[in-house]
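The chain contents come next:
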Amino acid sequence: MSNLSDKELDRLSREAADSYEPDTSSMSWSRLEQKLTQQMPERPPDGFRFGRISPYVWGPAVILLAGASFFFIKNISYSKDSTPTSNSAITTNSSSAAKEKQTDEKTIRIDSAGSATTLIESGKENDGQVNNNDPDASAGLSSVKTDLSRGIQSESQFEKSIAGSKTGGSTASGRNSSAGSTGHSVGGNAKAAGTGAIIVAGTNGSLNSGAQHMNESDTKTQSTLTGTENAADAVDPLTTQREKNTLSLPPIAATGLGLGTVSGNDSLLNKPSLSKKTIKSKSLRLNRSLNFGLSFGPDYTDGGGITNNQIGNNIGITVGYYLTNKLSVNTGIFYSNKFYWAHGHGYNQSQPATGYINTFAASPPIDYLNGSCNMWELPLTLRYDFAHNEKTRFFANAGLSSYFMMKQNYIYFIHTNSQRLAAWKTSNNQQINYWFSVADISLGFETEVGKGVSFQAEPFIRLPLRSMGQENLRLNSYGFLLSFRYTPVLSRTKK
Amino acid sequence: MVALLTSPSQKALKPLINGNHHISALIAGCRQNDRASQKELYEFLKGYAMKICYRYQHNQYQVEEIVNEGFTKFFKNIHQFDENRHLEISMALKGWFKRILVNTCIDYYRKNSSYLHGQMLSEETEKIADHGETGLDKLSYKEIIEAIRLLSPAYRTVFNLFVIEGMSHEEIGKHLGISVGASKSNLSKARENLRKILTKKAEIKTYVEPI
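Which chain is which? The protein sequence lines are A and B, in order.
Residue numbering for the first sequence follows our numbering, beginning at 1 and increasing consecutively.
Residue numbering for the second sequence follows our numbering, beginning at 496 and increasing consecutively.
There could be a bad hint or two in this list.
In silico DSS-like cross-links for lysine-lysine, where the CA-CA straight-line distance does not exceed 27 Å [what the hints assert, rightly or not]: (1) A:K425 - B:K568; (2) B:K593 - B:K669; (3) A:K35 - B:K546; (4) B:K541 - A:K35; (5) B:K546 - A:K7; (6) B:K571 - A:K425; (7) A:K35 - B:K606; (8) B:K637 - A:K7; (9) B:K593 - A:K7; (10) A:K7 - B:K679.
Derived contacts from chain B toward chain A, CB cut-off under 7 Å, selection only [claimed, not checked]: (11) N528; (12) Y537; (13) K546; (14) E559; (15) T567; (16) K637; (17) V658.
Source of the hints: derived by calculation from the structure; they are not laboratory data.
C-beta atoms are modelled at their ideal positions from N, C-alpha and C, and glycine is treated no differently.
Given only the sequences and the hints, what does the whole structure look like? Please build it.
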């Protein structure tokens with residue numbers, strides 16, 4: 001033995017190491033299991049643990065909360081902007097325009113005549129009973145609500161001068177200053193205006209021609225109002241233009257760059273013959289009924305009460321069409337991955353599991369299974385916008401979805417005689433279609449982020465109306481969709 | 496695993512639970528931290544694990560401890576194993592597991608062997624006489640393995656790593672934190688002592704066998 005060479009000794013040792021099987025009877029799984037339990041806690045065997053899915057509860061909640069906050073903050077700021085006019089009456093034409101804008105945000109009205117002016121008059125002014133001899137007669141008009149933020153104050157003064165001209169007793173100096181400032185302010189208004197209707201009341205060439213010309217206009221206007229229309233028609237450019245509904249806008253306003261609401265007072269408009277008869281509105285109606293979207297988001301699927309630690313996803317394109325101002329029909333196509341766990345009782349025991357079908361008369365009972373599938377989803381839903389402000393709207397969406405399962409994978413965890421034996425994996429590439437088999441409910445908000453582009457967050461729940469898949473499971477899905485939607489202008493109509 | 500298949504119906508499962516498909520499913524289950532799958536894989540691999548760790552430790556309890564530690568590492572890191580890259584998943588899995596086990600043995604040795612470096616043969620093994628007789632054919636694999644286990648931890652570890660696992664002295668030095676010279680020296684002494692132990696065993700066997 002002592003003559004054994006190193007090579008021979010190594011060879012013998014290797015052979016022994018390869019061939020010798022030590023006794024393993026002393027080894028027990030229980031000791032290792034204890035160690036694993038300490039270091040690798042097992043997935044909860046069943047039950048729906050709230051904490052494990054908290055991101056899918058809190059995620060949508062946070063999104064909705066953020067959306068709601070945004071919505072209300074915008075509403076508050078919007079109402080602050082409009083406070084000065086809130087206590088005033090709105091003339092017929094302007095209120096109808098405003099109403100139309102409110103009720104139909106798909107239509108943008110661009111009013112090019114004084115009729116669209118949101119002329120706001122006090123009750124005192126509505127009768128047109130102004131003490132014209134009083135140098136401060138125009139002070140009676142000072143109750144006119146002007147939107148200072150939009151530079152309309154001077155416009156109001158201009159209207160005062162016109163109103164004062166009804167008496168014919170106004171001082172020239174007062175008119176001069178008013179008219180001069182008006183000409184300036186109207187142009188300024190057009191520059192500063194933001195959105196809404198363009199309103200230029202009583203504008204004409206005299207706005208730019210200075211105070212003297214304005215004095216003449218005032219005088220002629222007065223003659224018009226007192227019934228000397230024949231004479232006035234011949235010479236009065238203001239009256240003539242209003243009668244013919246011709247409009248002479250300042251260059252900037254005429255280009256449509258300035259869109260804003262002018263609050264002012266024009267006593268001329270109180271005269272039915274002038275305000276209703278002669279001033280007509282022109283509006284541009286934009287048809288934005290159709291929209292396209294790109295949506296994506298996570299998908300948590302519950303196949304039978306076992307907590308799932310795998311998250312699926314949805315991605316797809318959508319198309320929507322507004323049937324009315326608030327109601328729209330939406331559809332699209334989504335590619336989805338779903339992962340789910342289910343108890344053995346969720347499996348249809350009357351059918352042997354795939355993989356055992358040719359081997360056993362009866363398949364072994366299944367403890368639980370882990371499944372995944374790839375599918376196309378085709379939703380068809382109706383959406384109702386139940387609240388909105390300038391840029392944000394809240395909506396509820398409900399409808400039915402169709403599932404087209406393309407591929408299913410399952411891992412079965414089985415046991416025999418109460419002793420767990422194995423896990424078994426199967427795959428099924430056969431396409432299975434489920435038409436309108438899932439109720440699709442969602443709640444969300446949409447906010448405008450650009451010209452014709454909006455962002456939408458939409459927590460959803462999808463409840464199956466029937467069992468699906470190879471193992472006939474009811475796959476409840478929860479998650480949220482984040483979408484970008486584009487709303488093109490389909491047509492422009494002038495009315 | 497196979498030992499569990501006792502009844503006819505269970506034996507019928509054998510074709511299913513052998514082969515790549517089943518191993519792959521077990522691995523998938525282990526990735527889900529499924530205890531049933533872990534237990535099945537443990538039953539499937541514990542003999543293999545014991546065979547490796549048994550050579551590195553003399554104490555049976557410590558062997559089991561190392562095996563369990565190796566399994567824990569195995570289950571924790573099983574997501575790193577890519578079964579799709581191998582035709583024979585079972586063999587690839589064993590090779591991967593072997594590396595984990597050997598590293599675990601080395602770690603265990605390094606934790607507990609600071610006082611063992613350069614340890615000489617125990618008194619018992621020193622007294623083994625070398626009579627120059629050849630009883631090699633009388634020795635079983637078990638006796639050779641048991642002889643290896645009788646070596647001191649430093650000699651045993653170097654011998655196992657060099658002879659059985661096929662590592663170079665540089666690799667051994669790096670793993671054990673010793674120099675290449677120390678590794679070579681330990682290997683030489685391990686062989687020398689192993690010869691003595693085997694000779695003693697052969698002598699006893701030769702002496703006892705005629706009876």
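Taking the hints in turn, this is what the structure says about them:
1. Our distance criterion of 27 Å between C-alpha atoms is met by K425 (chain A) and K568 (chain B), whose separation comes to about 24 Å.
2. Taking the CA atoms of K593 (chain B) and K669 (chain B), the gap is about 19 Å. The hint holds against a cut of 27 Å.
3. Of the supplied pair hints, the one linking K35 (chain A) and K546 (chain B) holds, its CA atoms being roughly 21 Å apart against a limit of 27 Å.
4. Restraint check: the Cα-Cα separation between K541 (chain B) and K35 (chain A) comes to about 16 Å, which is no more than 27 Å; the hinted pair holds.
5. Taken as a hint, the K546 (chain B) and K7 (chain A) pair is honoured in the structure, with Cα atoms around 22 Å apart against an allowance of 27 Å.
6. The suggested pairing of K571 (chain B) with K425 (chain A) holds, with an alpha-carbon distance near 21 Å, which does not exceed 27 Å.
7. A hinted pair counts as satisfied when its Cα atoms are at most 27 Å apart, and K35 (chain A) with K606 (chain B) qualifies at roughly 20 Å.
8. Between K637 (chain B) and K7 (chain A), the direct Cα distance comes to roughly 19 Å. Compliance with the 27 Å bound is thereby established for this hinted pair.
9. Taking the CA atoms of K593 (chain B) and K7 (chain A), the gap is about 24 Å. The hint holds against a cut of 27 Å.
10. Restraint check for K7 (chain A) and K679 (chain B): satisfied, since their Cα atoms lie roughly 15 Å apart, inside the 27 Å limit.
11. With 7 Å as the threshold, the beta carbon of N528 (chain B) comes within range of chain A, its nearest partner Cβ sitting at about 5 Å, so the hint holds.
12. Nearest Cβ of chain A to the Cβ of Y537 (chain B): about 6 Å, under the 7 Å cut. The hint holds.
13. About 6 Å separates the beta-carbon of K546 (chain B) from the nearest beta-carbon of chain A, less than 7 Å, and the hint is met.
14. With its C-beta approaching chain A no nearer than about 6 Å, E559 (chain B) sits inside the 7 Å limit, and its interface hint holds.
15. Restraint check, T567 (chain B) versus chain A: the minimum CB separation of about 6 Å is within 7 Å; hint holds.
16. For the restraint placing K637 (chain B) at the interface with chain A, the shortest Cβ-Cβ distance is roughly 6 Å, inside the 7 Å limit, so the hint holds.
17. Hint on V658 (chain B) holds. Least Cβ distance to chain A is approximately 5 Å, under the 7 Å limit.
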